[in-house]
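The task is simple: from the sequences and hints, build the whole structure.
Under the numbering used here, think of the first position of the sequence shown as 22, with each following residue one higher.
The set of hints was computed from the structure by calculation and includes no laboratory data.
One or more hints might be untrue.
[Unchecked claim] Calculated cross-link-like contacts (lysine to aspartate or glutamate; reagent style DMTMM-like; alpha-carbon spacing at most 20 Å): (1) Lys133 <-> Asp160; (2) Lys181 <-> Glu24; (3) Lys170 <-> Glu134; (4) Lys96 <-> Asp160; (5) Lys57 <-> Glu178; (6) Lys164 <-> Glu84; (7) Lys133 <-> Glu84; (8) Lys66 <-> Glu84; (9) Lys96 <-> Glu59; (10) Lys181 <-> Asp78; (11) Lys57 <-> Glu24; (12) Lys139 <-> Asp79.
[Stated by the list, open to error] Pair by pair, the computed Cβ-Cβ distance ranges are: (13) Met180 <-> Phe113: 39 to 49 Å; (14) Val67 <-> Val88: 22 to 32 Å; (15) Val106 <-> Ala52: 18 to 28 Å; (16) Val48 <-> Ser75: 49 to 59 Å; (17) Ile64 <-> Pro92: 21 to 31 Å; (18) Lys133 <-> Ala52: 14 to 24 Å; (19) Val106 <-> Arg169: 16 to 26 Å; (20) Asp146 <-> His51: 53 to 63 Å; (21) Ala54 <-> Leu74: 21 to 31 Å; (22) Phe113 <-> Ser55: 17 to 27 Å.
For glycine and all other residues, C-beta sits at the position ideal for the given N, C-alpha and C.
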Amino acid sequence: MDENAFWTLVIAVGGLAVALFSLGWNVYLHAIASAKLEVTATIMKVYPTPNGLSDEDDLLVVEAVNVRSRPVTIKGFYGQRIRPVNGLSHFFFNGSCQPLASYASAMPCQLKEGDAAKIIILLTDVVNPMDVKFFFVGDTTGKNWYSRKHPLHKQLEKMKERE
Numbered sequence: 022m023d024e025n026a027f028w029t030l031v032i033a034v035g036g037l038a039v040a041l042f043s044l045g046w047n048v049y050l051h052a053i054a055s056a057k058l059e060v061t062a063t064i065m066k067v068y069p070t071p072n073g074l075s076d077e078d079d080l081l082v083v084e085a086v087n088v089r090s091r092p093v094t095i096k097g098f099y100g101q102r103i104r105p106v107n108g109l110s111h112f113f114f115n116g117s118c119q120p121l122a123s124y125a126s127a128m129p130c131q132l133k134e135g136d137a138a139k140i141i142i143l144l145t146d147v148v149n150p151m152d153v154k155f156f157f158v159g160d161t162t163g164k165n166w167y168s169r170k171h172p173l174h175k176q177l178e179k180m181k182e183r184e
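Right, here's the structure in full:
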């Protein structure tokens with residue numbers, strides 16, 4: 022093998038290594054850039070209270086935040102019961118994409134990185150809150166983003182103990 026053929030082979034192998042590294046890096050970036058929503062459900066009181074509510078009313082706040090760079094279009098807020106009511110295990114809420122807005126329906130809406138959508142409803146509007154397994158947000162691709170069950174149930178149990 023002459024010297025030119027050797028260096029041609031070295032450059033070709035080096036180019037192949039760079040190309041494979043570049044391909045792997047792009048696949049990795051694509052994988053971590055996928056969409057992700059964090060859904061939380063909390064119970065709170067709001068002061069000053071909105072019109073028509075008393076200081077004693079507990080509000081359920083379900084919020085979805087896009088924590089990745091890829092935008093997500095959500096269809097609505099839903100809940101799933103542990104035991105079905107009238108044969109139905111899922112229920113639907115109207116939501117809002119406006120910051121700090123409540124009781125509005127503006128679905129579907131697109132969430133860019135860092136954007137949030139939330140719904141604020143009276144806790145008494147949820148039929149037996151202890152029977153709720155979790156809340157979730159549905160997007161237009163058919164994927165559902167679920168809240169964690171335990172923090173909400175712990176809040177509900179503490180409320181029962183206070184009564």
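Q: Could you work out which earlier hints the structure fails to respect and list their numbers in ascending sequence?
A: 2, 3, 5, 11, 13, 15, 20 and 21
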